[in-house]
Amino acid sequence: MAKVLVVTSGKGGVGKTTTTASLGAALAQAGQKVAVIDFDVGLRNLDLVLGAERRVVFDLINVVQGVARLPQALIRDKRLETLWLLPASQTRDKDALTETGVANVVKEMRGKFDWIICDSPAGIERGATLAMRYADAAIIVTNPEVSSVRDSDRIIGLLDSKTERAEKGERMEKHILITRYDPSRAQRGEMLTVDDVLEILSTPLLGIIPESEEVLRASNVGSPVTLNNPASAPARAYLDAASRLRGEEISMTVHSERKRLFGKLFRRAA
Amino acid sequence: MIGFNLFRRRGSAPVARERLQILLSHERSARGDSDLLGVLREEMLAVLRKHVPVEQDYVVMRMDRGATLSTLEIEILIPHGMMHAAPPLN
Chain A
82 MAKVLVVTSG
92 KGGVGKTTTT
102 ASLGAALAQA
112 GQKVAVIDFD
122 VGLRNLDLVL
132 GAERRVVFDL
142 INVVQGVARL
152 PQALIRDKRL
162 ETLWLLPASQ
172 TRDKDALTET
182 GVANVVKEMR
192 GKFDWIICDS
202 PAGIERGATL
212 AMRYADAAII
222 VTNPEVSSVR
232 DSDRIIGLLD
242 SKTERAEKGE
252 RMEKHILITR
262 YDPSRAQRGE
272 MLTVDDVLEI
282 LSTPLLGIIP
292 ESEEVLRASN
302 VGSPVTLNNP
312 ASAPARAYLD
322 AASRLRGEEI
332 SMTVHSERKR
342 LFGKLFRRAA
Chain B
76 MIGFNLFRRR
86 GSAPVARERL
96 QILLSHERSA
106 RGDSDLLGVL
116 REEMLAVLRK
126 HVPVEQDYVV
136 MRMDRGATLS
146 TLEIEILIPH
156 GMMHAAPPLN
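If you read the protein sequences in the order shown, they are chains A and B. Going from the first sequence to the numbering used here is simple: count from 1 and add 81. Going from the second sequence to the numbering used here is simple: count from 1 and add 75.
Chain B with its partners taken away, still in its complex shape (with noise of 0.2 Å):
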């Protein structure tokens, strides 16, 4: 617990932070805007339903921006057991 405290950012504003940009991310991408994050999230589900079988909500990415260096972390969710699930066909 001492542990998880200690690494949690202060406050509710980066909760905010965050969630704007999952949601916003997705709503850019819905209504066809060029948005960086949201076609790299697409594509990469395009590529990972290739292999697995992913929902919509299983890739989630977050860009921060700094003056030097950004950083761009994608977490993927994939379901137990499903590594070994067969291809679908296409």
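So that you can see chain A by itself, here it is in the shape it has in the complex (with noise of 0.2 Å):
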């Protein structure tokens, strides 16, 4: 049975596709069997941050309709076999959508993988509940900056009343996964420190993804960061977050380029 996640946030651009692709494709990279689901209906993207773009040929509004059969929609991923994405549909009817069908695909979708990862859209409407609605745990992506803290605490107040879980009266697992953290900001008082953020939200910590240029330029080439570039302290950040999903026991540490240090030094001494 699988472990249905939602990555969610209220607030848009803080990285939450990034993550789904990134968790994702970390889970599989471990040979574990992922689907990500697509919540953002008319706005899609987690298709072309995953590069299957030019594949998608059904998705999840078809299926919730019956125009398609879930194998139809699923694609595989090229490189990551155990990969799959079921995407959004780009069309704007965002009423098709609804909660019986999101259930069925949700149900269907359990017994066929270990963990199905749903990509919620931004704010607090219809696709967001939806999305966060049959989900057994929540991460909440939140950058080290005051309105998405905010927005955090809006969506964790979400998660604890509108979800199927909290409804039944059984406790929502929550994990925040700060983004665009920049340590050495933090320490000269610019920018809020995980531990502030902590102490703000009372949310355990899942991970801390480092700002880094190797989030952009794996998103351009459409492979997700943990298999573009293993090496880089996001992909390290996201393989360890994936890792601590599964249940192991991983200290806590900010990862830095340590390439990019020797290059300077490299650089430097030449």
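If you are wondering where the hints come from, they were derived from the structure by calculation, not from laboratory data. Be careful, since some hints might not be right.
Think about it this way: if two alpha-carbon atoms lie no more than 20 Å apart in a straight line, the pair counts; the simulated DMTMM-like pairs of lysine to aspartate or glutamate are [unchecked claim]: (1) A:K243 / A:D176; (2) A:K243 / B:E102; (3) B:K125 / B:E150; (4) A:K92 / A:E206; (5) A:K92 / B:E102; (6) A:K92 / A:E292.
Here are some of the chain B residues that sit facing chain A, going by a computed Cβ distance under 8 Å [stated by the list, open to error]: (7) A88; (8) E93; (9) Q96; (10) L99.
Think of the CB as a built atom: it goes at the ideal place given N, C-alpha and C, for glycine as much as any other residue.
Mind docking these for me? Both chains are given alone in their own frames, and the hints should help you get the complex.
Here's what the structure looks like:
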């Protein structure tokens, strides 16, 4: 039975899609069977970040409406054979996503994968509440910045009230993933620290993804950063986070770019 | 001025942290989340209102959680002359 995760944040542009792609790939790299679902109807991007944009035939709404069967809509990754994508519809008919429809798709998928990762759209409207609705656990992507932290707090409130688990009185497992973190700025008092964010949100930490050029470089070529450059700081941070999701105990460190530092030293010496 | 600068914490992050703590305690209590600071604040306001007319913003609470010791800082603003005003009837 799969564990269903929702990657959510409230605020847009904090790294939900990057995180879904990277964690999905990292889990698949560890041999897990993973499906990532794009819930951003009308603004799909997970296909693009995963480099599968030209292979989309059917989408989530087609499956919900019975136009296509699940195996027809799932796109298998070309590099990782245990990673699958269920894309969002690019047509704007958001209302086509019904609660029962989504419930049925998630139910059907549960038996086929180890992990199902739902990439939530930004905001707190229907798309976002449907993406979290049937999740067993949530990953709240937060930038160390006031508006992102505030929106994360709002999302935590929704996770504790609007999900199926919350309504049944069960505990909703929640994790914070801090992205775009710059430890030197935090140390200088220019950026909220990891501890600040965790104290304010009173939610445990899944990982710290450092600010890095590698993230853009990976999305430019449509490859998750954990595949595109596994030795890079953000890739190592995502690989650590994926291991933590699988229950491994890995000490929390802010990874830095070793290579770049060596490169700089080398250039200086030359 | 020198004294002021001496006591000022470095950088803008502490300002961000404090603004968020205040804002979120407001928003959580408005949502009805269980939140110690929010509950304390509302109850404190209710007690104060029995004696002086105070606005929502007049009570500011800050919690600093440390490993061994936590501090709760409560700041209550009372407008000039209000301490002698007749208590509202209820």
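Consistency of the hints with the structure:
For the suggested pair K243 (chain A) and D176 (chain A), the alpha carbons sit about 18 Å apart, so the restraint of at most 20 Å is met. A threshold of 20 Å between alpha carbons decides the hint, and for K243 (chain A) with E102 (chain B) the separation of about 17 Å falls inside it, so the pair holds. Between the alpha carbons of K125 (chain B) and E150 (chain B) the distance comes to roughly 18 Å, so the proposed pair stays at or under 20 Å and holds. A C-alpha spacing of about 12 Å is found between K92 (chain A) and E206 (chain A), which places the hinted pair at or below 20 Å, so the restraint holds.
For the given pair, K92 (chain A) sits about 16 Å from E102 (chain B) by alpha-carbon distance, which is consistent with the 20 Å threshold. A threshold of 20 Å between alpha carbons decides the hint, and for K92 (chain A) with E292 (chain A) the separation of about 18 Å falls inside it, so the pair holds. Evaluation of the A88 (chain B) hint against chain A yields a held restraint, the C-beta minimum of about 5 Å falling below 8 Å. Of the supplied interface hints, the one on E93 (chain B) is violated, with its beta-carbon coming no nearer than about 10 Å to a beta-carbon of chain A, more than 8 Å.
With a least beta-carbon distance of about 6 Å to chain A, the hint placing Q96 (chain B) at the interface is held under the 8 Å criterion. Hint status for L99 (chain B) relative to chain A: holds, with the closest Cβ pair at about 5 Å, below 8 Å.
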